[in-house]
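I would like the entire structure built from these sequences, with the hints used as guidance.
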Amino acid sequence: MTAVPPPVESIEGQAAGWFARQRSGMMTPTEDAELEAWRLADPAHQAAYDAVARAWSGVAFARSAPEILAIRAEARRRPHIERRTVFTRVAAGLAALMVVGGASLWAGQESGFARSHELTDRTFSTGLGERQTFTLPDGSIVTLNKASTLRTRADGDRRLLYLDRGQAFFRVAKDKRHPFIVAAAGRTITAVGTAFDVRVDGKAMEVTLVEGKVKVDTPSRRPAGPTDAPPLQTTEMLPGNRLVASLDTPALTVAPTDTVKETSWLTGWLNFDNQPLADVAAEFNRYSPRKIVLADPAIANTAVSGRFKADDVDAFTHALARYHIAQVESADDAAIRLGAPVEQ
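Take any residue in the sequence shown, count from 1 to its spot, add 8: that is its number in this note's numbering.
Heads up, some of the hints might be wrong.
Stated by the list, open to error - Here are the simulated lysine-lysine pairs, DSSO-like style, with alpha carbons at most 30 Å apart:
(1) Lys299 x Lys154
(2) Lys221 x Lys154
(3) Lys299 x Lys184
(4) Lys184 x Lys221
(5) Lys154 x Lys269
(6) Lys299 x Lys211
Unchecked claim - Per label pair, the in silico range of CB-to-CB distance:
(7) Thr131 x Pro305: 24 to 32 Å
(8) Ala342 x Asp129: 36 to 44 Å
(9) Ala342 x Asp50: 18 to 26 Å
(10) Arg185 x Gln283: 25 to 33 Å
(11) Asp256 x Ala49: 22 to 30 Å
Everything labelled a hint here was simulated from the structure, so no lab data went into it. C-beta: ideal position from N, C-alpha, C; glycine also.
Here it is in structure tokens:
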């Protein structure tokens, strides 16, 4: 069942309500998951949310409006049980301000002050324990996962980015005249207006398409002519599919996937469905400085299912012990060693 935000009638009002709750800094992990479910339930939800976020970024007076400041201060004073009422008031105030701010923004665009599509030469990086979201000059929104590096480049009529390592989720501002291109692991992903996830891990690359369409170009190993550019193999993706490719070969696979599961990292959670413990441990090790070590190879293929906080490796290993999947043999600041569970 899709989560329902505070009772505001229109999609735009719902988006304002969710945005107000997230800006408050008081959302619980459960509410984070509910917001992501609402976003993914309908492309119109995400479009409305992005519009509110862009308007908030572009209209400075909205951030310091007395109405919003007063309601937000009240929200921080209220106990948890009263927050839904307060958030509804924030949403109403925010929606009203966005009407004025949106009109001003539209007027500026009509006068020639619209945001440029052109990117600049910049590098964005995240450490092991952080996630970062930023808005590009064209209005596209990028979220970088932990331990990731993304570069943007000035490139004329193209919006060009390089994902050197890690993982990024892109919500692309629609602009058919200026293609949005992400280069990763020797391939390029081209989109016009869409939402997709790209992950570069060692010599592998994955693309998960949530909405819209993208095409993935892979250099062919067939020799080009003396004056030709290297030929490309093009794969077009549809929503709900995941592409997996390797640096070592032009071969790739495309198959249906659970996009909510694949993008759960956006909320700080990891979802697993009957995956080998070795793979699950490797995924946790991407997020934590304390590494999980499987001391007993016999437990490597044990299936694991569940939803876990990415930055809480202790809770995960305790759950393994509780369900007799694995037992903690030793633990220190650097590693947690897991062995076979104790016989009952």
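Run the structure past the numbered hints and jot down the numbers of the failing ones, going up. Of the numbered hints, 3, 7, 9, 10 and 11 do not hold.
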